[in-house]
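These are the residues of each chain, in order.
There are 2 protein chains.
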Amino acid sequence: MKLTSVKGTNDYLPRETALRDFLQGKILETYRSCGFERITTPILEDIENLDKSEGGENLGLIFKVMKRGDKLTEALAGGNPKELADIGLRYDLTLPLSRYYACHRNALGTPFKVIQLDRVFRAERPQKGRLREFVQCDIDILGSSSANCEVELIDTTAKALLAVGIEHFKVRINDRRILKSLISFAGFAEEDADSVCITLDKLDKIGADGVKEELLSKGFDPDSIERFVSIMGITPFTLEEARKYCSDTEAVDSVASIMASVEALSEGRYEIVYDRSLVRGQGYYTGTIFEVESLDFGSSIAGGGRYDNMIGKFIGENIPAVGFSIGFERIASILSAKADTLPSVKKRLAVIYSESQVVSAIQTADGYRKDYDVALFEKPKKLGKLFAKLEEAGYYGCLITDESAELKVFHA
Amino acid sequence: MKLTSVKGTNDYLPRETALRDFLQGKILETYRSCGFERITTPILEDIENLDKSEGGENLGLIFKVMKRGDKLTEALAGGNPKELADIGLRYDLTLPLSRYYACHRNALGTPFKVIQLDRVFRAERPQKGRLREFVQCDIDILGSSSANCEVELIDTTAKALLAVGIEHFKVRINDRRILKSLISFAGFAEEDADSVCITLDKLDKIGADGVKEELLSKGFDPDSIERFVSIMGITPFTLEEARKYCSDTEAVDSVASIMASVEALSEGRYEIVYDRSLVRGQGYYTGTIFEVESLDFGSSIAGGGRYDNMIGKFIGENIPAVGFSIGFERIASILSAKADTLPSVKKRLAVIYSESQVVSAIQTADGYRKDYDVALFEKPKKLGKLFAKLEEAGYYGCLITDESAELKVFHA
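Going down the list, the protein sequences come from chains A and B. The first sequence begins at -14 in our numbering and counts up one residue at a time. The second sequence begins at -14 in our numbering and counts up one residue at a time.
Hint data in this document are derived by calculation from the structure and do not stem from the laboratory. Take the hints with a grain of salt, since some may be wrong.
Same chains, same names: a pair is fine if it fits in one copy or spans any two.
[To be verified] Straight-line distance between alpha carbons at most 27 Å, and here's what the computed DSS-like set of lysine-lysine pairs gives:
1) Lys(-13) <-> Lys67
2) Lys298 <-> Lys(-13)
3) Lys67 <-> Lys323
4) Lys155 <-> Lys298
Make the full structure from the sequences, and use the hints.
Laid out in structure tokens, this is it:
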């Protein structure tokens, strides 16, 4: 039998799990204090719902669960591999939330401010930092198109990051409507906007020349490309600069107002900047998009945006929606490296007892369990060896029931 | 697209999630205070590990995840349906724990007292109360064959049940070694013990006559059946009665000593009884087995036992192990019916603000967030309607930022 966990998944040791629980608890507490309510949805999701969800490249990364019994036999006989699965593992928490809201909205508040903190699955090629099973911490506001929702989401996410000890970060913001308007201004056809965006997303990596080259190789009109690259090449490309080329004034005003509010709320603890080349992969975004970049880690630790058309796919009526997701694994890996962020859990005591005295040992332990986490150990022949192991494992002290009632403290 | 969750899975509303989180938190806190440490293992498990795990009827209920890319193409071409999946969703937490311990044991304490609180999956026929995705709360002790482990597990599980408000329950205990010895005493061959056990498991449901009939239909020797049924029919069938027919004195002594210790520790809050017909389904149990029965609900809410041979399958060296699992869904459904067990979460306040005042509204809200969970609402035209909704949703009170700084309390 195989000893290691499935490729791309992790076993977590006790001290890692304690840190993860502590961090998730802090994030959840922050979200709740800001008026969001937690819900839980299943990990299993209907395969058709997943396939039709406009999840961008994530759609190619869905783990598919095989049909069972007669339905499997039937599907195997049919010979169409696409018929073999009826269920998939969710690749994010946004699609399940949209289905959930569509199904239960009469029982939910308006706007509905919701927390999801749970596992998602993607069949990524296992490489450093790319997990196939990982945790996301999402907050979403459904049922309101006010730009104040974006302000609340960014403010609350920043509060959660600060609460767990992530101090150096920057919020980047853009709007799909501005992107589309700029792309159209440059002369591209509306239906090419997505393809242009995919290339633009690489601006930071491949530079303006790289973007130009890739757009040319995609066969777009050279004049449009020239115009687009020269606009995008303006430095610094501020929101006021964008305003000159963007016909969607409402979108620019909305980004400006969100930025002003967040800046006031940040009180200088973090920065919010307009980023002309922020795209984000998912196809379902319709307006504002944003990311948090860790300045220590140099990469994105949270991302989100507005997806006003997703819930409409379930109920035929569009419900405005916007969400922000913390990539929990990044946070956990940043913080596990810092010794001073270890959770302030209860101190641990060991009660060491003779084999026949289990009842009185447990009764003794119970007396300490309000203040300590107390573990029982049968008295071994070599007591010194046990002491050394307990000290190494971080125990605060021990009691030996058949010697004295005195608490022996390891680290005085 | 489909609105409802996948058959056999649940969406949980905010108040249901709050209760589930509260209960899981209480159980976890109790387990930790008793010296157990939490670990996390993946939901995805190697399909071969699962298939070889002796999980009894659960082996037929494994959700299988299809291979991807070239490996899927290859498997499809091969034409063997068994080759289509490489991963499965775990059906319990015991197999992953055994693999985990085999893999990481050098980094873990001895004995290793471990908590797992997580989701498992079984492709049950969806019927009332049978979920396909559900939560288990397990504690296990690995690396010790002392019967004091059983005492600790039963005592700790009982403490967790009492902590969440389950008060009327009974612990039933048996030992696979006693069962085997009685079966052998009656004259059955050793290899028939499992089959006899499967029938015996139904004693409560089908009675002694039903057991006899089923064993006859299985083609066993009528004399053996007669002897077995007449022994099992003795009423009351105490542990002392078992001693007369059981050649494994050590097993009887062990059960007797566990019962005496647990009885002393229970201080009359619950009962522990020897149950001659307790079998438990899994094939991997080797010694003590136990269950908790809710006297209000009339069914099993926790179960476990000793499985000394499972870890050996991974490393070729047997490691003694024993575990106890709370069926969380049963607990949650019992307690959700009781109004007085609702979680003692923070009170909720609403801050109602004019659209343009989001910054000052958030700043006002922040001032209350130490003591309350505070949600923001844009001021609607019909304020009375919002008040009514907030009251109904259980808000404690509200503040209207552009009217006065005074807190309006709904339920004085």
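Cross-check of the supplied hints:
no., hint, result
1, Lys(-13) <-> Lys67, "between (29 Å within a copy, 18 Å between copies)"
2, Lys298 <-> Lys(-13), "between (43 Å within a copy, 10 Å between copies)"
3, Lys67 <-> Lys323, "neither (46 Å within a copy, 46 Å between copies)"
4, Lys155 <-> Lys298, "neither (33 Å within a copy, 50 Å between copies)"
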